[in-house]
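Asker: Under the working numbering, read the sequence shown as residues 213 to 417, first letter to last.
Rather than coming from a laboratory, the hints here were simulated on the basis of the structure. Don't take each hint at face value.
In silico lysine to any residue, SDA-like type, Cα no more than 25 angstroms apart, as pairs [what the hints assert, rightly or not]:
1. Lys367 x Gln355
2. Lys299 x Arg276
3. Lys299 x Pro231
4. Lys367 x Ile300
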Amino acid sequence: MKAHRAYEEVPGYPTLYAPTDNAEDFLEVVEVWLEDALQTLAEEEEATAMLRNSEEEENVSFERERRAWIEQHGSERLRIAESRNYKINRLYALERAASEFPFAWVETGNEAEWRERTDPSIDALRLEEQLRAYMERRALDYQDPRIIWLVEPPKALEEALHEADVFFEQQEAVFINEFLGRYALFIPVDEELQRHVLQGGEVHG
């Protein structure tokens, strides 16, 4: 019964080298197959459990940092919504990005498309260098910025361009991945398309 349950748990079927009427030959093949299959299944379950635990730890860390930042820097809207247990991750990301990177567009919906940039322009290289220095001055501990080729803009930039009646053209941008551990930031090399210009914000530091 134990072997039968194990047989039903694992995917696939044992393969014999040739047809046989000998039960011992069949059981020998099944035994080896079950050992290997159950070992693989156990390793996959362990990896899944480790991944789940890691994701849970990341979520706890994210929520702890979010609460602390909202308490110190959040708008009245964000603080009230958070205190009443509304889902406010997007609003939090937007407010924090506006505070730490007022020239950048934050992508929260995975709608932007980009690809690797080869032979970046001198303007892009200078912007990347300026951004690195800016992050160092403000002790912003995120992944290093990289120059990319922006194919489709993040939603917020697309909406701002629509309001300004401007058509988006593929172009260079500086990209910061894993903002707050789960979002992306884009800073167009074209200064006219940076967030503080299109939306009238300010840059400090």
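Asker: For a C-alpha distance cap of 25 angstroms, please report whether Lys299 and Pro231 respect it.
Answerer: Violated, at about 60 angstroms.
Asker: Below or equal to 25 angstroms on CA atoms is what counts here, so check Lys367 against Ile300.
Answerer: Answer holds: Lys367 to Ile300 is near 18 angstroms, not above 25 angstroms.
Asker: For the pair supplied as a hint, Lys299 and Arg276, is the alpha-carbon distance within the 25 angstroms limit?
Answerer: Holds, at roughly 14 angstroms.
Asker: Does Gln355 lie within 25 angstroms of Lys367 when you go C-alpha to C-alpha?
Answerer: 22 angstroms, holds
When held up to the earlier numbered hints, the structure conflicts with hint 3 and nothing else.
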